[in-house]
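Q: Dock chain one against chain two, each of which comes alone in its own frame, and use the hints as you go.
These protein sequence lines are chains R and P, in that order.
Anchor point for the first sequence: position 124 equals 963 in the working numbering, and the numbering is continuous, going up by one each time.
Anchor point for the second sequence: position 301 equals 366 in the working numbering, and the numbering is continuous, going up by one each time.
Since the hints were derived computationally from the structure, they do not count as laboratory data.
Ideal placement from N, C-alpha and C gives every residue a C-beta, glycine not left out.
Residues from chain P that keep clear of chain R, each with C-beta distances beyond 12 Å, as calculated: (1) Lys138; (2) Glu140; (3) His164; (4) Ser340; (5) Met362; (6) Met405; (7) Ser414; (8) Ser417; (9) Val419; (10) Val431; (11) Glu452.
Simulated pairs of lysine-lysine, DSSO-like, Cα-Cα distance not exceeding 27 Å: (12) R:Lys874 with P:Lys251; (13) R:Lys870 with P:Lys251; (14) R:Lys866 with P:Lys282; (15) P:Lys281 with R:Lys866; (16) R:Lys977 with R:Lys988; (17) P:Lys282 with R:Lys877; (18) P:Lys281 with P:Lys373; (19) P:Lys282 with R:Lys870; (20) P:Lys281 with R:Lys877; (21) P:Lys285 with R:Lys870.
Simulated restraints, written as ranges between beta carbons of each label pair: (22) R:Ala895 with P:Ala387: 54 to 62 Å; (23) P:Ile359 with R:Glu881: 52 to 60 Å; (24) R:Lys870 with P:Gln253: 14 to 22 Å; (25) P:Leu429 with R:Glu891: 40 to 48 Å; (26) R:Ala890 with P:Gln253: 13 to 21 Å; (27) R:Ala890 with P:Leu265: 23 to 31 Å; (28) P:Met445 with R:Glu891: 34 to 42 Å; (29) P:Thr372 with R:Ala890: 49 to 57 Å.
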Amino acid sequence: MELVTPSIGLIFWMTLSFLILLFILGKFAWKPIMKSLKDREETIAQALNLAEEARAEIGDLKAENERLAKDAKDERDKLLREARDVRDRIIDAARLEAKQEGARLMEITRTDIRNEILAARTDLKNEIAALSVMIAEKLVKDELQDKKKSEALVNKLLDEVKWN
Amino acid sequence: MQKNYHIAVAFSKAEPMKKSNRFRRNIPLVFFTFFITLSVALQVFASNPDKQPAEDKEVQAVEGHEVSAGSEKFEPGTFIMHHIGDAHEWHILSSGNFHLSVPLPVILLTENDGLISFCSSNFVGHGHGPKEYRGYILTENNHIIAADGSQVLDFSITKNVLAIFISMVFLCLIFLSVARAYTRRKDQAPRGLQNLMEVLILFIRDEVIRPAIGEKKYMKYLPFLMTVFFFIFLNNLLGLIPIIPGGANVTGNISVTLVLALFTFVITSFSGNRSYWQHIVNAPGVPWWLKIPIPLMPIIEILGMFTKPFVLMVRLFANISAGHIIALGFFSLIFIFGEMAAGIGFAVSPASIVFTVFMALLELLVAFIQAYVFTLLSAMYFGMAIEEHHKEAHTHEIEHH
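Looking at chain P on its own, in the form it has when it is part of the complex (with noise of 0.2 Å):
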């Protein structure tokens, strides 16, 4: 009967032995499966000890470089928007020139040879240079362009798009488990990963939603809501470890967090009444010469229907994406010391951790509040679309102001 509290059991240790079997059966077969996916379609990048320096010499000679084979100069810019940026692969450690990462799918769709597909492990090249694969170039910034200019469109699994495919994993186990356990123990007291995600259902329920939208027609929205605020939450908890399946920037991402706002958008839009439209085209109790001949209030209100998204959008990327920059930042701290003298970057290390533990802990509390307020704003945007305003109401507020 109490097989679904996988995560929860582990939290209890009164639990009896009989309860956990499930759990210490599964979750680790969960885990193990991954991960021998992950180590069969690992691959390691171990580049030829002995070509290697020759080729770094090579181009050195050729760009006439004074720095000495095999160390490269360490940039904390490169290196943090390579760490919060996308990838064709999911990289996991390097180590001199030993490279450890995942391979992923690249999908093309193309002008010349229309829709390919490919592994990010073909592309050839090294360091931190463009690689290239069948005439296709995946360039420092992790475009891939064609080699004679043609149109690419990437549709490639990137580690983002990974990341996302694993949260959604994540949160249908969680959440069908919970609603599983929901319909089996009726009406009876939450317990473990019920009890846990019941504190923040309620929370997201009765303290965002019902209150942003009414009592009348929160039940709509709700499915939404729900979904947005656990997979913000999620992805920015996942977003602060650093090891897979963890460590992908996927919350600070524009591209994700424009498709989110970009659902509130449309959804806010299709919702909209007749007083919202009417709000937006002809705001009432305005003076007509804020309308007529320069229609100044629909112009600021229609601006208004598209900064409102577009203010989630960029808050929750940049929020997100500032504090794994900051962190990054800090580690950085370490090597820009290190190159001075090795003695320093340890000296250094450190007072690193520790800022980077603070913004860790900064950062979960962050991780919640994002999701918090994309879902309460979203809501709010839903609930200001379905508002019914009266005459009366206006008057009066006309006369307060």
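So here's chain R without its partners, still in its complex pose (with noise of 0.2 Å):
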């Protein structure tokens, strides 16, 4: 019996030494553990969100560089192929140039030439025509000698006329 019951002094020392005890841990202990932890733990809770965060940055920068390198190897190809086209562009026109004047040079020579021709055929009959005349004149000069053989050859002259 003496074991369970509770005696005066005990109670009032106890419950005064928990008091105070409760008022110096719950001050100075409990509450600056507790804003320890909490603020360690969200300084991991923050570092954890930060790594994360980068890590998923770094995943873009990733994604961005690929996407940039692709870019320029696109646009490599645009301005090798459109280079391509522009030198064949330049070479056809400057073909179809060459053609061109070739056939203009050809054509201006033909000219010149037929003209040459033309000429050349004027000249010689002009040639001919004054050797003709001198001809002519000689046999003419020969032949009115004698009358009756001029007479004879303007005859025959006259007929060869009628056939041209």
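A: Here you go:
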């Protein structure tokens, strides 16, 4: 029975001590400890979040880089293709122009040749005419010395003209 | 910077000398001071060897006992009760007529003399019989009564009170140092004593208080629950140490557990919200004939208010006392058999010691479990008191049942 009978003195001292202990620990121990624990948890959580964000950012960056590289490659290909096209176009144009120029030159040359031939022909005609006149003159001179012969010749020539 | 890891430093061998300097300087100093104070206060009660046997014979002659002088019959019951009970002196050891104990201050609020105070060594008497000083008698049961039968209230600093003070000092030293470590080494990994305590603090916070009370209000009850846990745990552990400053059966004392349970009761009652009281007075979802004409449910609920802390009180008290009683019982075996013949006593002693060691290991577990259970149940009572009940939840509950 002695064991289960509470004693007033012990209850008094226990209550007093426990209240003091509660006050001291509550104010100077649990408060700063809990605050620090919370702060630390938040710091850790924050750090983890930051790491996660950084990882995501790196991922983004990588994707971005890949995209840029791809873009650059595409751009290069496009430029090359365009350059090739331009070159082909220029070559074609040049070729065409050359052809046209050649044709034009040929035409001019041909015309010149034709003109030359014509001129030469005219010259030759004139020459032949002059020569003929000269020969004729001589012949006439000779023939005219002989009246008969001259008349025969004129008749013959007249006949010949009729033929022409 | 690392001045405050007194105890922790002892665990880590790799710690450089510089850091442990303060520990080596301080802790022995603390203990040294403590024991010096103790030894100054200490008085050796060595009875007069010439006088004692004569007195014994006188007593025996008066009482007509057949027992031979000097050999008192060993009574395990008294022995055990003496060890687990409170005392007005802190007994350390006895050998024959040589008694070594720390006398403690006696403070009495008396009808005749008002508030008086004197040293417990003033009580004179011999053996286990009543002792007397200035008309106040210290009975065998450790009660102080007035010789003339007037009212006496005993506010003495008894063994348990001193043990409570000592544990208070320990708790303050430990947790103020840990708190300092937290504020000084902000956001760094814990180490040493701080690390050791953090395991317990986080366990109690995250596994006990938070789930039981809920995220919103747990911080309000945390200081009390933490203090209760560590107070009980430390005193349970100190109770397992046989020598001063341990050895007092603080948490196995009904007055101490009564106060602790009373705190829980008061806090629960004061934090009880509307729905808590409604559940007690007029529990919703209960058939009306359980409330009218005989208010059966309210009576049961009101009884429940008191049985909860009562059970807390009894559980802690009984568990810790039982452990002490069993351990002491094993020791008593040695003396019970020793009384038959010294040889049998010696023969039994190894078994007793093995069992006691086993009990001590078990008690280590119990020390933690009981502190945990007390804290958990207190937290759950607080949680119940502040819980928000909703009508829907109730109809739902009833449907299920």
